[in-house]
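Novice: From first to last, the protein sequence lines are chains A and B.
Here the first sequence stands for residues 232 to 1215, numbered as in my numbering.
Here the second sequence stands for residues 2 to 126, numbered as in my numbering.
Just so you know, these hints were derived from the structure itself, not from any lab.
Treat the hints with care, as some may be off.
Here are the simulated DSS-like cross-link-like pairs (lysine-lysine), alpha carbons at most 30 Å apart as the crow flies [what the hints assert, rightly or not]:
1) A/LYS856 / A/LYS870
2) A/LYS932 / A/LYS870
3) A/LYS819 / A/LYS852
4) A/LYS761 / B/LYS10
5) A/LYS1131 / A/LYS894
6) A/LYS894 / B/LYS95
7) A/LYS449 / A/LYS569
8) A/LYS550 / A/LYS437
9) B/LYS95 / A/LYS727
10) A/LYS932 / A/LYS894
11) B/LYS95 / A/LYS657
12) B/LYS10 / A/LYS657
13) A/LYS469 / A/LYS449
14) A/LYS771 / A/LYS727
15) A/LYS727 / A/LYS657
16) A/LYS932 / A/LYS856
17) A/LYS926 / A/LYS852
18) A/LYS657 / B/LYS75
Quick caveat, the model's predicted, so the values are computed rather than measured.
Spelled out from the first residue to the last, the chains are:
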Amino acid sequence: MNNPTAGLVRREFLALGQSLDPDRVGRAGLELARQICGSETLLALLRWEGDYQGYGLVLHDRFPTDLALNVLRPLHENNRSIVAKATTLLPNLTDDLTLAYYPLVYSGLTLATSPMALLCLNPETFQPTVLSELELLAQALASALRNAYEYSRVLSEYTMLGKVKKTWEGLWLSVEGQQKAIERLLARNQALQDIGLAINSSLNLKAVLTTIVSETVKLLQSSRGAIALWNEESQAFKVVAEQSLPGLAIPDAHSLTEIDVIGNLVPGRSLDLNLPELTFPEGLSEEATNRLRQFLVQYWNLGLADPGVTLVTPVRWQKQTLGVIILNDRTPGRSFSKEDQDLLALVASQAATAIENARLFNDMTEERNRNRAILDSIADGVFTTDLDQKITSLNPAAERLTGDQAANLVGRVYLEALGMSDRQGKPIIPEVSPCLQVIREHVSTEPRIFQINRIGDQTALIALVAAPIIDSGEVISGVVGVFRDVTREQEVSRLKDEFVSLVSHELRTPMASVLGFSELMLTRNLSESKARLYVETIHKEAQRLSNLISDFLDIQRMEAGRQIYNYTDVSLHELIRPVMDLFNAERKRLRLELPADLEPVWVDPDRIVQTLTNLIGNAIKYSPKGGAIIVSAHVNEAKLMEITVQDHGLGIPKEARSQLFGKFFRVDNSDRREIGGTGLGLAISREIVESHGGKIWVESKLGQGSTFHFTVPLAHQTPAAATNRSTDGAEAGVEYKPDYESLVLLIEDDESLGGLVGTYLEEGGYHYQLVPSAEQAITVVEQTLPAVIVLDITLAGQMDGWDFLIYLKGKPETSHIPVIISTVQDSKVNGLKLGTAEYLSKPVEVSRLVETINRLTALHPQRNVLLIDDDSSLRRMFKEALSNQDFVVATAASGEQGLKLAAQNPPDVIVLDLMMPRMDGFQVLSRLRSDRRTIGIPVIVVSAKNLTQAERDFLHEGLAHFLTKGEYTPQRIRELIREALRKH
Amino acid sequence: MAEENSRFKILIADDEDALRLLAHETLESEPADILEATDGEEALEMARREHPNLILLDVAMPGLTGFEVCQKLKADPATSDIIIVMLTAHGQGKDREHAERSGADHFMTKPFSPLQLLRLVAQIL
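Extracted from the complex, chain A is given alone in its bound form (with noise of 0.2 Å):
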């Protein structure tokens, strides 16, 4: 925000210049440097008169008497500003004082030395700021008083020219020449008070010089008059304001405002520079002259022939030359008087005020508007208040939080206008409103809690913190509010106190029987009946607290992205069996509906039972009346495994589905006493099908029944990985088996380094078969259908490799077979747009032959893809799409999921959100690219953000793809995964 102080003290260093009055001018600047300085300092205004003897104007009562104005004479003498310890300068004050004295130094004044100073005498050092603003006030206050004593010589010039006048009257003698001179002094009078005005009631810097030129020209009756503005940078004057007498047009027809006088020279025009006798004020550079100069001529027309005269006064500010100001007049034996000169001088320095004004009044906007920007684009709602609490001004931010405008909000007293009340939804007493707080303490509050009522009847949470708007004089003058939207964090936190809660309750209940009969057990002398009956108990709550425990233990890894699974490909019939074992008491009313000849699945065997042993568990338990429960299962559509448990029980009402697979969620009606179980089971098993790449879902009807639905994977999407062949001699390695059964065709002229490379791959593990050209390639192929081909491009054939490739992929059984090229010929190019697995090129690291082919025939087809995005209808949408292709998806929610995920079971394909919560997708990339084992897995970066190059580039060297979110669908997704997968 601005700091009021500085806006408001600027604002009134102007309005200095509103008053004519010298004494009340003076009586304001002190009034001003009083605010600036403390009260504690002593201020005086002085003005020197001829022979340093006496006070011109001191202003302030309070003054040391002793004090006298030649004591001061030194400092006035030196002319510059001096601020030290007042002792050094003035030997007869005692006290140890600071001594701040500014000349009051009038820009464009010829004088050597000001006859005007502020003067400030502080008990303690100036604090750097405070001087800065008394020099800035020093400077407003001699433009101001230069002002307001000229206008005084004026208007006493004309009283006593009007008592001349009257004088003369009375005789009845008209003096022309006196009448004109009265009309000239009200005219330039009018002209000064028109300009200060001017100043004092417009910003616009261009308005304001070009009447400044429009009175000055009038004024002092010339053809023309001209601001022009020097610019160090681009060594030019830029001519910001321009007026000439009707009848004397511009010549080239340009409007000169704000053109660039150098860049406009006539080309083909020579120039003669040389003008009449012409002083150029000091302190413009040589260039600047002969800027000014090619002006004069080239557009004002100035030449040796018709001169006219010219009058060229400097537009100071401090000791910097701003511009000039010019005036010409044609009048034959016109000459500018000194008075003429001295006026110019004036209005000079009224430019030079205006200029500084504007720059200043740009600073501030600028600054304002920054600050604007930043109040504008945070996230967290500001507003400001004022002693009555009642809202000045908020931020948009604030707007959105409490879905209200602006204009409705302002003028009311914030408490009302947001509709806070406390946390629990109470009214806010009075007394302790915060910015109430805030206006008795002076000091900010400790954020605080309220809810808020938003538009259209919703409540929020707002965190707030108030804070003490402090202006110049120490004085509060408002306060602003700070808040934020916490709902959400309330509401975790309320959660997870809510979870520890039920967790205590869930645990405590079966430990109190244990406790509780294994105490009357120590305590009484009980029948074998009874202690058998109490020990049942005991056995049956510990295997109760024991379940529980193991479920929330079991909740808490799988939620942490912890649980570690073993896929295997096995059948359903063998999961299903210790499930049946399990339910052996309700045998009877359990029907499995399972095909003999249903396909294997791809599944952590231990987690699939538990799924299902929740779910029929849940089956019995929620159909306490009986009736049948079915366990059925079908490969459906997506060719995934769809297995259904389906019971006759209550049914679960419409409003409890969608929290059905939360934590401790159990259907609550009298119907379901009796029913036990840890609240867990169906959140578990979501956890355990979604991390398998499968859905889980219900259908129910109240009163009739619930049917379960879950998906897994086959087994025969991932063929190599998932056959279990460990037993027939392989090294069990952590890499996967290399495929006995399949058959790596090598079409190679050379036959020695086809036996070479037959070799490895035979010590590989792998059968090979050599070719020595295409066209025997071509039957072999159609025949045994090879798992890999490594082709060499020249071959002894009509046929070379490229037409080969061409062949085998023309045709629809046989373009899937990857090929490997190898080949001197540096070809990668042609290689790939056949649609070539790989490419090694001679000679042949045959170590990476070996390598390329396990893992193209291990990885094929299907792929594990992590998918990292925290907007779950993406993540569902996707993780739909993808499954039904070759995909298994896993699915993360947050960065720290996703790499929890991807470090424990790295895919082969990651697809990440940029714009996450916590951790960004920047940081997941480049945690990934830190770790071994997530070092070199292809990722795609999805981003809705438009990148900086920076930001690419850093994608970029995280070797990721990048896609915007506009091109999220699932097809281009699959093509960019088939990409990423193929490059890797």
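Fit chain B to the supplied structure of chain A, relying on the hints for placement.
Specialist: Then chain B, alone, in the frame of chain A:
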């Protein structure tokens, strides 16, 4: 008849089988008739019908909670004299306050010691 009337009646209301059994077994030695209810509604109805001297009332039950049962009984002059011992798994703060506000006479936290329960009941009766 007179002897019948002099026997105390204790109602145990808890949806957990094991806990009802525990309370029942614990109080077996007392010269009292022990009744059981498995949820809030049943507890309320039994209390009105049987007018027990004491109710061991679990807080977390499906349907009516223990607090609600307690409040209804204490609000009804016909049953307000029944001494109510609340049983809860939450020992801290809110539940205790809530029990007091509902008008419960005593408060016990699960897991509880059967012997303590016995002492409390003996003391009350």
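Novice: None of the hints should be skipped; say for each whether it holds.
Specialist: Hint check results:
1. A/LYS856 / A/LYS870: Status violated; Cα separation ~36 Å.
2. A/LYS932 / A/LYS870: holds, 28 Å
3. A/LYS819 / A/LYS852: holds, 15 Å
4. A/LYS761 / B/LYS10: holds, 23 Å
5. A/LYS1131 / A/LYS894: Holds, at about 22 Å.
6. A/LYS894 / B/LYS95: Judged against 30 Å, a Cα distance of about 23 Å means the pair holds.
7. A/LYS449 / A/LYS569: Holds, because 17 Å separates the two Cα atoms, which is no more than 30 Å.
8. A/LYS550 / A/LYS437: holds, 23 Å
9. B/LYS95 / A/LYS727: The hint holds at about 17 Å.
10. A/LYS932 / A/LYS894: Given pair A/LYS932, A/LYS894 holds - Cα atoms ~22 Å apart, limit 30 Å.
11. B/LYS95 / A/LYS657: holds, 19 Å
12. B/LYS10 / A/LYS657: Violated. B/LYS10 to A/LYS657 sits at ~44 Å, over the 30 Å cutoff.
13. A/LYS469 / A/LYS449: Holds - the C-alpha atoms of A/LYS449 and A/LYS469 are around 22 Å apart, at most 30 Å.
14. A/LYS771 / A/LYS727: holds, 29 Å
15. A/LYS727 / A/LYS657: Cα-Cα ~24 Å, so holds.
16. A/LYS932 / A/LYS856: Roughly 16 Å between the alpha carbons, so the hint for A/LYS932 and A/LYS856 holds.
17. A/LYS926 / A/LYS852: Holds. A/LYS926 to A/LYS852 sits at ~23 Å (cutoff 30 Å).
18. A/LYS657 / B/LYS75: Distance of about 28 Å is within 30 Å: holds.
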